[in-house]
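Take a look at the letters that make up each chain.
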Amino acid sequence: MPRYNVLGRQGERLVMMGNEAIARGALEAGVGVATGYPGTPSSEVLEALIEASGHTGIYAEWSVNEKVALETALGAAWGGLRSLATMKAPGILVASDPLVSAAYSGVNAGMVVLVADDPGPHTTQTEQDSRWLAQLSHLPVATASTLQDAKDHVPLLYELSEETGLPVIYRTTTRINHSLGMVELGPLRTVEKRGEFRREPERFVRASMEWNRARHRWLLEALGKALKPRFVERLVGSEGDGAVGVVVSGAPYLYVKELAEAHGLKVSVLRLDMLNPFPEEKILDFASRVDKILVVEESDPYIEERVKLALWKEDLRVEVHGKDLLPLVGEIWPHHLAKALAKLGVDAPSLAEPLSPGGLPRRPPPLCPGCPHRSSFHIIRRALGLEGLSPGRVPVIGDIGCYALALNPPLSAIWTEHAMGSSIAQALGLKLAGHEGPVVAVIGDSTMFHTGLPALIDAYNKDADILVAVLDNEVVAMTGHQPTPAHAVSPSGRRMRPVSLERILEAVAPGRVEVVDAFDVEGGVEAVRRALRAGGLRIVVFKAPCAIVARRVGLAGAPLVVVEEKCTGCMACIRSLGCLALISGGGKVRIDPEQCTGCGLCVHVCPYNAIVGGDGA
Amino acid sequence: MRFTVVVSSVGGQGGLTLSRIIARAAAEADYKVVVGETLGMSQRFGSVQSYVRFGDAVYSPLPLEPADLILGLEPLEALRAAALADRRTTVLTSAEPVDTQTTQVGLEKYPSLEWIVGELQRRAGKVLLIRPFEASRRRFGTGIQANMILLGASASLQLLPLSLELLEDAVRAVLGGRSSQAIQALRLGFNGAENLVREPGRAKNNL
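Chain order of the listed sequences is A and B.
Residues 75 to 691 in my numbering are what the first sequence lists, from first letter to last.
Residues 69 to 275 in my numbering are what the second sequence lists, from first letter to last.
Please note that a few of the clues may not be correct.
[Stated by the list, open to error] Quick look at which bits of chain B chain A covers, simulated, 3 or more residues with Cβ under 8 Å:
| no. | segment |
| --- | --- |
| 1 | 70-79 |
| 2 | 120-129 |
| 3 | 150-161 |
[Unchecked claim] Below, computed lysine to any residue pairings styled on SDA-like, alpha-carbon distance capped at 20 Å:
| no. | chain 1 | residue 1 | chain 2 | residue 2 |
| --- | --- | --- | --- | --- |
| 4 | B | K177 | A | G433 |
| 5 | A | K413 | B | E133 |
| 6 | A | K617 | A | A601 |
| 7 | A | K640 | A | P667 |
Since the hints were derived computationally from the structure, they do not count as laboratory data.
In this text, all values refer to a predicted model and were calculated from it rather than measured experimentally.
Ideal Cβ placement from N, Cα and C applies to all residues, glycine included.
Use the sequences and the hints to build the structure in full.
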């Protein structure tokens with residue numbers, strides 16, 4: 075049974091997730107090469123294309139990081155195939171160096187870079203508003219305000235990319251990517267070669283400053299071609315009739331539309347999916363028909379500022395509101411919108427702000443039962459203790475991945491978590507600042523491949539005195555178990571050449587790498603102690619497959635049981651590990667057989683040997 | 069008509085599958101349908117909420133008004149979702165608590181079921197309790213079908229304006245090869261609703 079539904083017949087109407095709709099749009103555009111790096115809320119786009127790739131002519135595979143994904147897509151578009159690169163907001167910053175240069179070179183076939191921003195934020199480090207890349211790169215930027223448009227815009231953006239000769243940034247937000255709704259399918263298109271790559275150094279080589287100035291001029295001219303009516307008329311829509319005009323972009327368009335239809339509001343609505351170049355004529359025309367404007371957009375006042383500028387240039391005096399009435403931080407909810415409209419004199423209903431009852435216990439996502447990271451952190455903590463170090467005083471510099479969830483009690487392990495691959499260089503900096511005693515940098519296998527390796531090279535080269543703990547669970551776990559470069563088969567079924575992370579680590583830091591089974595507590599503790607005593611840059615790789623993957627492929631062990639008469643209810647297991655397969659009740663602990671994977675970590679911490687295998691052993 | 073269901077659960081309980089099945093059934097009933105979810109923290113044991121909205125003039129993935137129905141797979145999460153409850157709201161929730169990481173290790177206290185029910189009753193028009201995991205384990209030896217039992221019971225009590233037939237078709241469409249036990253569970257919830265679901269007394273409940 076496929077997980078995604080992107081191969082339906084033309085004319086079919088399906089309930090689709092926004093990300094499925096975008097993936098379908100790519101198939102309707104005849105995209106030949108699709109790349110990306112996993113990141114919520116973008117991941118399902120490429121996952122769906124990978125799943126569909128056996129049935130279509132598309133090449134769709136994960137890349138090692140976003141920069142490589144974008145460069146691969148760029149090369150494909152130079153080579154004449156329509157291409158797509160997908161990523162979350164921080165990812166486009168990783169990829170922004172080649173992106174900005176690509177604007178000067180352009181493409182031979184259409185290229186779209188999908189960046190999924192996360193107002194809220196729900197799962198992202200920041201509420202980064204990637205629309206500002208429009209100002210930085212001068213590339214065309216568009217968004218989608220409905221699920222149907224999330225799909226329909228994709229083929230249009232490929233036409234726009236080919237019309238201008240520029241890569242296009244398609245910026246969506248969580249409430250489009252991860253909402254579901256009815257989408258009507260269009261025809262699938264076969265992959266076609268649309269151009270040839272020829273030697274044109276003035277265009278493709280950025281080493282001549284004269285050429286760069288020429289290409290800068292070319293870029294600004296090319297961008298203007300995006301304002302042709304066939305793009306503007308599809309990416310900007312106008313409806314309704316009222317003295318208050320709402321300029322809206324993204325999912326809040328859906329809140330405005332329902333509010334207007336269900337409550338009979340009299341407002342003029344301008345749906346703005348074209349963000350760069352800015353369709354000033356449409357704005358001026360709209361402004362001339364209303365008394366005041368409310369700009370409704372999530373994240374920064376990107377549209378608001380450009381609307382104000384457009385009106386100022388024409389000396390058009392229309393009151394413009396936006397972030398003065400709507401939140402700058404967090405998501406916009408319908409009740410915010412209703413309140414803002416009421417303030418402007420629209421007969422909007424008063425909608426209650428959803429407020430959860432106060433004082434409820436939080437439910438932070440923990441490490442899963444059987445997660446090898448729990449064991450790795452347990453090992454590190456125990457080794458530090460045995461070396462006479464207080465775990466609370468040894469900085470554990472974290473990185474992006476499931477292991478960051480060890481932030482929470484009872485493990486309380488992680489001190490920092492910033493950006494992909496950041497941990498090792500941050501630990502190096504901390505040592506340079508004169509931090510006494512050990513510093514531990516914790517990084518996962520995929521994150522190490524992604525951007526950790528350059529930092530590791532630098533830290534070894536600088537002879538940094540840090541312990542690098544590589545938590546290798548053999549998969550990109552946090553975003554839904556995408557493959558790493560160590561995999562031999564991709565989810566599309568394609569054979570890959572597996573890259574050995576251990577051999578890379580050994581090549582960088584010869585003789586300083588130890589590999590342990592993440593569940594071998596004694597062996598792991600000894601390895602960490604040896605590393606701490608030896609000093610200098612030392613690497614301990616903790617290996618064990620992600621518990622969810624292990625369970626899925628039948629590798630999980632039989633659940634353990636607590637021998638009731640031996641359990642004193644001391645709660646040492648729960649207090650030290652926080653594994654949610656351990657359930658306390660009636661002064662004792664029992665083990666939930668549906669959650670336990672038999673990892674055995676609790677057996678190590680039980681002072682009374684009360685936890686045994688399911689067969690009583 | 070505009071109908072909003074909030075599905076509130078702990079990651080791994082099948083809340084997202086449940087909301088997609090409702091959405092599919094509503095689409096088959098020719099309603100406009102939209103589902104708002106946030107998938108990012110839906111790892112096992114995280115807090116997960118989704119909004120299934122259907123009817124005539126329905127576009128927004130976020131609810132405009134309070135929910136018509138809150139389906140809770142966990143009582144504390146049902147109460148968290150009561151942010152979207154008012155007197156028109158019916159809550160049908162599991163009465164089987166699942167510790168959070170913070171309550172498990174004693175940093176925060178998991179409230180008593182009695183208190184949760186009382187708080188739900190203060191906010192919603194009607195509160196109904198069910199033990200879907202227990203029922204699933206009794207019948208199937210695993211709690212995995214609790215979401216389908218909850219769904220079947222909600223249809224049987226006419227809390228959801230969707231027929232059993234529509235829901236069965238939606239289960240088949242969404243789960244494909246994995247649907248036969250789910251359909252049994254759906255029917256178990258539907259046919260057994262009277263025995264499975266209880267309305268607790270307003271002051272004290274006797275669950």
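The hints, checked one at a time:
| no. | hint | in the structure |
| --- | --- | --- |
| 1 | 70-79 | holds (count 3) |
| 2 | 120-129 | holds (count 5) |
| 3 | 150-161 | holds (count 4) |
| 4 | K177(B) with G433(A) | 10 Å, holds |
| 5 | K413(A) with E133(B) | 14 Å, holds |
| 6 | K617(A) with A601(A) | 13 Å, holds |
| 7 | K640(A) with P667(A) | 19 Å, holds |
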